[in-house]
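*Asks:* Those sequence lines, one after another, are chains Z and Y. Residues 1 to 132 in the working numbering are what the first sequence spells out, letter by letter. Residues 1001 to 1356 in the working numbering are what the second sequence spells out, letter by letter.
Hints are not guaranteed to be accurate.
[Unchecked claim] Capping the alpha-carbon separation at 27 Å, the derived lysine-lysine pairs in BS3-like fashion look like this: (1) Y:1322 / Y:1046; (2) Y:1336 / Z:84; (3) Z:130 / Z:50; (4) Y:1078 / Z:50; (5) Z:130 / Y:1322; (6) Y:1078 / Y:1352; (7) Y:1348 / Z:108; (8) Y:1094 / Z:113; (9) Y:1336 / Z:56; (10) Z:108 / Y:1136; (11) Y:1024 / Z:130; (12) Z:113 / Y:1322; (13) Y:1254 / Z:108; (14) Y:1335 / Z:130; (15) Z:102 / Z:84; (16) Z:84 / Z:56.
[Claimed, not checked] Residues of chain Y placed beyond 10 Å of chain Z at every Cβ, according to the derived structure: (17) 1037; (18) 1058; (19) 1103; (20) 1198; (21) 1224; (22) 1332.
If you are wondering where the hints come from, they were derived from the structure by calculation, not from laboratory data. Model, not experiment: these values are computed from the prediction. The beta-carbon is built from N, C-alpha and C at its ideal position, and this holds for glycine as well.
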Amino acid sequence: MKRSLPLLWRRINERYNLVGSICQTCNTPYFPSRKICPKCRRKGKLISQKMPNEGKIFTFTQVHAAPAGFEHETPYFMAIIQLKNDVKVLAQLVDSPVEKVKIGANAKMVFRKIYEDNHEGAIAYGYKFKIV
Amino acid sequence: MENSYKSKTGIIGYGASIPHMRIKVEEIARVWGKDGLRASSGLGIKEKAVACIDEDSATFAVESSRIAIESSGIDPSKIGAIYVGSESKPYAVKPTASIVVDAVSATPHMTAADFEFACKAGTAAIQTCMGMVASKMIEYGLAVGSDTAQGKPSDALEYSAGGGAAAYIIGPAEQSIAIINDTYSFTTDTPDFWRRQHAEFPEHAGRFTAEPAYFRHVISAAKGLLEKTGTTVEDYDYAVFHQPNGKFPLRAAKILGFPESKISQGLLTPMIGNTYSAASMIGLASVLDVAKPGSRILCVSYGSGAGSDAFSITVTDKILEKNRRPLESVMTLAKKDVEYIDYAIYAKHRRKIKSL
Ligand SMILES: [Zn+2]
Chain Z
1 MKRSLPLLWR RINERYNLVG SICQTCNTPY FPSRKICPKC RRKGKLISQK MPNEGKIFTF
61 TQVHAAPAGF EHETPYFMAI IQLKNDVKVL AQLVDSPVEK VKIGANAKMV FRKIYEDNHE
121 GAIAYGYKFK IV
Chain Y
1001 MENSYKSKTG IIGYGASIPH MRIKVEEIAR VWGKDGLRAS SGLGIKEKAV ACIDEDSATF
1061 AVESSRIAIE SSGIDPSKIG AIYVGSESKP YAVKPTASIV VDAVSATPHM TAADFEFACK
1121 AGTAAIQTCM GMVASKMIEY GLAVGSDTAQ GKPSDALEYS AGGGAAAYII GPAEQSIAII
1181 NDTYSFTTDT PDFWRRQHAE FPEHAGRFTA EPAYFRHVIS AAKGLLEKTG TTVEDYDYAV
1241 FHQPNGKFPL RAAKILGFPE SKISQGLLTP MIGNTYSAAS MIGLASVLDV AKPGSRILCV
1301 SYGSGAGSDA FSITVTDKIL EKNRRPLESV MTLAKKDVEY IDYAIYAKHR RKIKSL
């Protein structure tokens, strides 16, 4: 499967470092980043902001039938991580034994390969989480 | 020649990354119909660390660099150079160093490159950073050794080739947790191990890899450094040697006169396999985890092809300051939460099955 290179490149900051945004008017953090603060509308002022790299499992599911590009990783866990600033992020869990994957478990961001366009295409790297 | 770089630079922070999967040497031997215990004791390796399907030398480089920056306490925007040494780059053309630049939130206003010299590319990166810091061309440099080495199925290398990385922030001596007093290298054209362009697995010269290759270069660099610095084996509390297996570094220590007690802390290969560019650098990190102020360390890398870089290092009292060591020691990374896999799972993760 061939994916968009400009899109891959534009999302590097978001994928590598959990860079989202924060509204300077109401102090609400957003990930992924937003252009408009839904709370403040025109009064909002959004600037780029790095999210905390730790949080807790809010909820999770085990994936047995994976989308294209992830077939060889099944079964794996996808989780919604509630970061320390309460922002929720959907991410794959890695290096985490089944018995440790629980709601409320502490998770930390790790840097992994997300997908690659076969053996000749570009590699997309980014965040996944692991139970700590 | 004025040696203005001597004792001017040192290690500001360090970090290591080791994957959590392990395969036992006995399991690899089982698949190829070899005597597992003999294979394991012959190499001095019990098990090796294996990269997952979504890990490569770039992900290990990033993970270890993030830990090194955290333990250094420096603002990553002050890093003026990032060099990554590896022989298993994810891209044949496209630097791993540029991935690290963005992933550690460093500034784009810096220089970066990948280094290649088999297993000593990471220590060559340390030397480059030393020169640049000493000359005040940069304030801090980041030197990384990272590999996810591969061995041909059933080849001798398959039993030992592991994965991992170590990263070092090099900066001014006065801020260092360990001062690099001096360095000395020894380099010759020795075809003991190579991988041609487009070849998937490396070739090696069997027994030829020992005497004229590993031992000649490691011993020459170590002796050259001792002579240059006017020190003796007795002056050092620890020694770390490149460790392609569990046996070579023990023999190098014996030839030089180091007792085993001085090298065991820096000998990780029996637990995680040969991590190539990372091997001596992870060993050094493990020594820094426990070394006391005033401790002296001799560290010698080896890269096939062939060359060795030797370093004389003295630990400072800054190592006792809060958070100057990584949260998890190398020994913890080597042992904690490991998952044992069989050869089939190993073959999948390392893409040794043709359709992957
Ligand atoms: Zn707002």
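*Asks:* Next step is simple, just say for each hint if it's right about the structure.
*Replies:* A quick look at each hint next to the structure:
{"no.": "1", "hint": "Y:1322 / Y:1046", "verdict": "violated (35 Å)"}
{"no.": "2", "hint": "Y:1336 / Z:84", "verdict": "holds (25 Å)"}
{"no.": "3", "hint": "Z:130 / Z:50", "verdict": "holds (19 Å)"}
{"no.": "4", "hint": "Y:1078 / Z:50", "verdict": "holds (18 Å)"}
{"no.": "5", "hint": "Z:130 / Y:1322", "verdict": "holds (26 Å)"}
{"no.": "6", "hint": "Y:1078 / Y:1352", "verdict": "violated (41 Å)"}
{"no.": "7", "hint": "Y:1348 / Z:108", "verdict": "holds (26 Å)"}
{"no.": "8", "hint": "Y:1094 / Z:113", "verdict": "holds (16 Å)"}
{"no.": "9", "hint": "Y:1336 / Z:56", "verdict": "holds (21 Å)"}
{"no.": "10", "hint": "Z:108 / Y:1136", "verdict": "violated (36 Å)"}
{"no.": "11", "hint": "Y:1024 / Z:130", "verdict": "holds (24 Å)"}
{"no.": "12", "hint": "Z:113 / Y:1322", "verdict": "violated (33 Å)"}
{"no.": "13", "hint": "Y:1254 / Z:108", "verdict": "violated (43 Å)"}
{"no.": "14", "hint": "Y:1335 / Z:130", "verdict": "holds (17 Å)"}
{"no.": "15", "hint": "Z:102 / Z:84", "verdict": "holds (17 Å)"}
{"no.": "16", "hint": "Z:84 / Z:56", "verdict": "holds (8 Å)"}
{"no.": "17", "hint": "1037", "verdict": "holds (29 Å)"}
{"no.": "18", "hint": "1058", "verdict": "violated (7 Å)"}
{"no.": "19", "hint": "1103", "verdict": "violated (5 Å)"}
{"no.": "20", "hint": "1198", "verdict": "holds (12 Å)"}
{"no.": "21", "hint": "1224", "verdict": "holds (38 Å)"}
{"no.": "22", "hint": "1332", "verdict": "holds (12 Å)"}
Hint check: violations occur at hints 1, 6, 10, 12, 13, 18 and 19; the rest are consistent with the structure.
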